[in-house]
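Model the full assembly from the supplied sequences, consistent with the hints where possible.
Using the working numbering, read the sequence shown as starting at 1 and increasing by one per residue.
To be clear, the hints were calculated from the coordinates, so they are not data collected in a lab.
All values derive from a computational prediction rather than experimental measurement.
Idealized CB from N, CA, C, for every residue including glycine.
Be a bit skeptical, because a hint or two may be false.
[Said to hold, decoys possible] Have a look at the derived ranges for each label pair, beta carbon to beta carbon:
(1) Arg266 to Ala64: 26 to 32 Å
(2) His90 to Ala168: 41 to 47 Å
(3) Pro157 to Val86: 26 to 32 Å
(4) Ala64 to Gly23: 36 to 42 Å
(5) Ala64 to Pro251: 29 to 35 Å
(6) Asp212 to Arg117: 40 to 46 Å
(7) Arg201 to Ala241: 24 to 30 Å
(8) Asp253 to Ala82: 33 to 39 Å
(9) Asp253 to Gly49: 19 to 25 Å
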Amino acid sequence: MKIAVIGAGGVGGCFGAWLAQAGHDVQFLARGRHLAAMREAGLRIDSPGKPCVIERPDATDDPAQLVRADIVLVCTKLWDLADTAVQLRHAVGAGTAVVPLQNGVDAADTLGQSIPRENVAAGVAYISAVISEPGTVRQTGALATLRVGALHSAQQPVLQQFVQACTAAGFASDLAPDAQRMVWEKFIALNALSGVTALTRQTVGQVRGDSDLRAVHDASIGEAAALARLSGVALPDGFEAGLCARLDTFPADMRASMAHDLLAGRRLEAPWLCGAVVRRAAAIGLPVPVNATIWAALKPFVDGERP
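Now the structure itself:
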């Protein structure tokens with residue numbers, strides 16, 4: 001398959017490299033020192049389960065050099081997404097499926113403002129990986145799953161082919177029967193975990209060991225799930241209880257990436273997580289006091305101010 005990966009960081013670097021290693025025609029849109037190192041010494045994936053080196057990756061920082069692709073994986077940060085949508089136009093043809101892998105529930109709408117909506121599909125990535133140094137992406141943990149979903153029926157064949165390519169490349173992938181539910185399920189879980197660990201600067205172990213903090217986490221899930229259902233998302237019965245219980249399965253020293261970003265003084269995804277819950281809930285008159293409080297407390301830091 002011809003695959004364009006927009007952003008070669010933790011998500012795009014790992015999945016793109018594994019697909020390239022499996023023989024697919026993968027083109028990366030990258031930039032800066034990371035791109036320079038990729039061109040000089042290749043793209044290295046430091047992974048406990050699937051280490052690899054792509055010695056001569058097809059990589060560019062010029063969107064005009066992108067070629068038409070079957071699949072476009074959009075792996076940039078949320079705040080870059082509107083500009084990215086304009087840049088990736090060269091890679092989009094009549095049968096291309098553009099799969100955003102950002103957190104949140106706004107990506108498809110944002111992309112659809114600049115490229116045809118019938119080309120925009122849905123996707124979620126489950127992986128922990130970062131650029132450890134220019135040219136090298138380090139995966140932490142063994143989880144590596146890429147899920148996709150069709151938002152238009154014509155996308156089904158190319159997405160199914162892509163899932164088969166991912167599986168053959170050695171990582172888990174599936175075509176979700178309900179794309180909106182897939183996106184919202186991850187959003188609800190991540191929003192709660194990122195909000196409470198960033199707000200409190202605490203680890204998962206500290207959150208679940210404190211009944212008050214755990215109640216905040218669980219209430220965030222309840223509010224976002226109510227918003228999803230009122231927005232037409234068919235969440236299953238018992239979804240909230242099951243998601244709350246998952247907190248006990250995470251490593252005790254874990255923090256969500258937004259908490260790490262806050263502690264490091266980096267820009268936050270809060271406007272597209274707890275901020276999105278508040279914005280969408282206000283539009284339909286749904287009270288979400290826990291998410292509103294988390295959003296208000298994190299808002300002063302969204303541009304990268306240090307706590």
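Going through the hints against the structure:
The beta-carbon spacing between arginine 266 and alanine 64, approximately 30 Å, falls within the hinted interval of 26 to 32 Å. In this structure, histidine 90 and alanine 168 break the distance hint of 41 to 47 Å, their C-beta atoms being roughly 27 Å apart. Between proline 157 and valine 86 the beta carbon distance is about 27 Å. The supplied range of 26 to 32 Å therefore holds. Taken as a hint, the range 36 to 42 Å is violated for the pair alanine 64 and glycine 23, whose Cβ atoms sit roughly 26 Å apart.
Checked against the hint of 29 to 35 Å, the C-beta distance between alanine 64 and proline 251 comes to roughly 43 Å, which is inconsistent with it. The given range of 40 to 46 Å is respected by aspartate 212 and arginine 117, whose C-beta atoms sit roughly 43 Å from each other. Between arginine 201 and alanine 241, the C-beta spacing of about 27 Å keeps the proposed range 24 to 30 Å intact. Between aspartate 253 and alanine 82 the beta carbons are some 35 Å apart, a value that agrees with the proposed interval 33 to 39 Å.
In this structure, aspartate 253 and glycine 49 meet the distance hint of 19 to 25 Å, their C-beta atoms being roughly 21 Å apart.
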